[in-house]
Structure formats: structure tokens, C-alpha cells
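Number of protein chains: 2
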Amino acid sequence: MNNDVSNKSIVELEKTLRYIAGIIKRRGRQILHNYPITSPQFIALQLLIDGGDLTIGELSEKNGLAFSTTTDLVDRLEKNKLVERIRDTNDRRVVRIHVLDKGKRIIKEVIKKRQDYLGDVLTNFSKEQSETLNELLHLLHMEMNSHRDNKNE
Amino acid sequence: MNNDVSNKSIVELEKTLRYIAGIIKRRGRQILHNYPITSPQFIALQLLIDGGDLTIGELSEKNGLAFSTTTDLVDRLEKNKLVERIRDTNDRRVVRIHVLDKGKRIIKEVIKKRQDYLGDVLTNFSKEQSETLNELLHLLHMEMNSHRDNKNE
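Chains A and B, in that order, give the protein sequences. Count the first sequence with the working numbering and you get residues 290 to 442, in order. Count the second sequence with the working numbering and you get residues 290 to 442, in order.
In isolation and in its complexed conformation, chain A is listed as follows (with noise of 0.2 Å):
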């Protein structure tokens, strides 16, 4: 821990993050009412579409759940045709998962209503204030993965 970021600035810092979390949480949970997928299955997809073609191995790490759980998940996005299993084309013996055109659809969709509704939420932010919060959210964002690097998870 540094000395400059104040441990009062990082106790509200967590509980600001944990609670905007929840919102978009709650709100994503609201939007997917209207498609067939769960969340763990919206995270999965768009894990998929913005990470490429990965193996269950990849995705499971990427998602933070079980090998088991993320093949149970890849089995039933497989069933409902949003996503197929293919091979390598340099290794044949490696499983990809692709998504197919209705998942991309579906992502493209819910992504969009989401982008609607913080649009609507800031409404009453400036130019400034919402580029100065998207840099900041960027360097944090960074930093998040760089530290993550460093512990080797």
C-alpha cells in the first residue's frame, strides 16, 4: 500500500466500486430478462467474443469458475446454438469454442441497452467529468491487470 492514496480515499473507493458493481449488476440481470441467457452466460459470451476463440482452459481462468462449471456452460450455450465447439486450425487436438451469429447478436444487443442506460445516467455529467472518470477507470483498470500479472493468478 502507498502512502499518498489516503486509507480513507481506498475504504470509500471499495465501497463506491462495490456498490456501483451491484447496481450494473442488478440492471444487467433486468436487461437479460429479455433473452434467452443467463449472466454467467452474458460474461462467458462476451469473454469469447472480445478474447477470441478460446479453449474451456482459457475461458475458465479468464471467467474465474471451475473447468467443470465453464464446460456445463459451454455445453448449454452449445445446445442453444450461440456457440460451437471447433478445432484448432494448428493444433487439432485443441478445442475452441466460437461463437456463432445469434450469440454475437444477442452480446451486440445487451451491450447496446446497457451502453442506453449509462447514457441515461449521465445525463447530468459533463464532457469533462465523463472523460476524466474514463481515463481514471482506464489507468485503474491497468493497474487491476498489471497487479494481477504480478501475483502470477
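One or more of the hints may lead you astray.
Copies of the same chain are indistinguishable here, so a pair counts whether it falls within one copy or spans any two.
[As the list claims (entries may be wrong)] Each computed DSS-like pair below joins lysine-lysine, with the alpha-carbon atoms no more than 25 Å apart:
(1) K351 / K402
(2) K314 / K401
(3) K416 / K370
(4) K416 / K391
(5) K397 / K304
(6) K314 / K397
(7) K297 / K416
(8) K391 / K401
(9) K314 / K304
I should point out that these hints are in silico values taken from the structure, not numbers from a laboratory. Remember, it's a predicted structure, so these values are computed and weren't measured experimentally.
Once you've looked at the hints, dock chain B against the given chain A.
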């Protein structure tokens, strides 16, 4: 949606918040590995401590979970002696959920570990940056709350 905040800014913010929330969620899950509670139980206990002794209905609303799901969750917490059901002193027909000392102690420890993690992550933040981030997230949180009230959720 307003005209000040650009669409690009909203798209970025949605994405960064989604990723940060995901990282915090996974970290939170790791921290809970050492405690006898699940993530949904952590959220419920934290809402009960911050919000006072809530009824099952109030807790369901804050949680965004079905009444029956919340009832099951509280049953498990009560069985593990983390909460108890008590009668409202003003209206004895009303049952409230009260967090017991064991539950309070666990939440305090878990939140301390989450703060320690954020303190580590913020090592490269200046005092000013962390304070600005706190202010803007606090504003975002308030706007999210007022937006929720407007929609009468």
C-alpha cells in the same frame, strides 16, 4: 441521453466498468474462499449491515433476487448462525433479518481484504487522482440511484 457526453465515451465507460466489475467479482470470490459464505450471501449480509434489519421483501428488492431465492438464502445464513429472524418492535407481525456477531465479523474481515487489494492496486495513483476518481464515482453512484428512483424500480 445527453449531447455533452460523446457516444464513444459511453461505449468506453460501459466496457471499462464491465471489466472492472468482473475483476472485482473474481477477486471477491477468491477472498471468500477462506470464509464460510458464498458471494450472494456476502452481498446479502453487506446489504443487511448497511441497510439495518431488513425484511425479506426489502432485501429481495435491494438484491434484485426473487422473494423465494432470498428466503432460501436467509434460511442458510440462519442455519449457520450468521443472522437471526427477529420481530419488528413496532409491528410484531413484521419479521426482520438481524445480522449476528459472527456475520458482522466475517463481513468486516472480508471488506478489509477487499480494501487491502484496492490499496495495492492504487499504489501508482496520486492522492489527487484517487480523490478525483472517488468524487466522480460518488457522483455516478448518486445518478444511478436517482435514475432508479425515476424509473420506480
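Evaluated hints:
With identical chains, the CA atoms of K351 and K402 are at most 25 Å apart both within one copy (24 Å) and between copies (21 Å). In this homomeric assembly, K314 and K401 come within 25 Å of each other (Cα to Cα) both inside a single copy, at 15 Å, and across copies, at 22 Å. Within a single copy, K416 and K370 get their C-alpha atoms no closer than 41 Å, and across copies no closer than 49 Å, so neither meets the 25 Å cut-off. Taking the closest pair of Cα atoms, K416 and K391 never come within 25 Å of each other, the shortest separation being 35 Å inside a single copy and 46 Å across copies.
Within a single copy, K397 and K304 get their C-alpha atoms only as close as 30 Å, which misses the 25 Å cut-off; across copies the closest is 12 Å, which meets it. Taking the shortest Cα distances, K314 and K397 sit within 25 Å of each other both inside one copy (17 Å) and across copies (22 Å). Proximity of K297 to K416 under the C-alpha cut-off of 25 Å is restricted to the inter-copy arrangement: shortest distance 11 Å between copies versus 28 Å within a copy. When the C-alpha separation of K391 and K401 is checked against a cutoff of 25 Å, the pair qualifies only within one copy, where the shortest distance is 15 Å, while the shortest distance between copies is 42 Å.
Proximity of K314 and K304 under a CA criterion of 25 Å is satisfied in both settings, with 15 Å inside one chain copy and 13 Å between copies.
Hints 3 and 4 from the earlier list are contradicted by this structure; the remaining hints agree with it.
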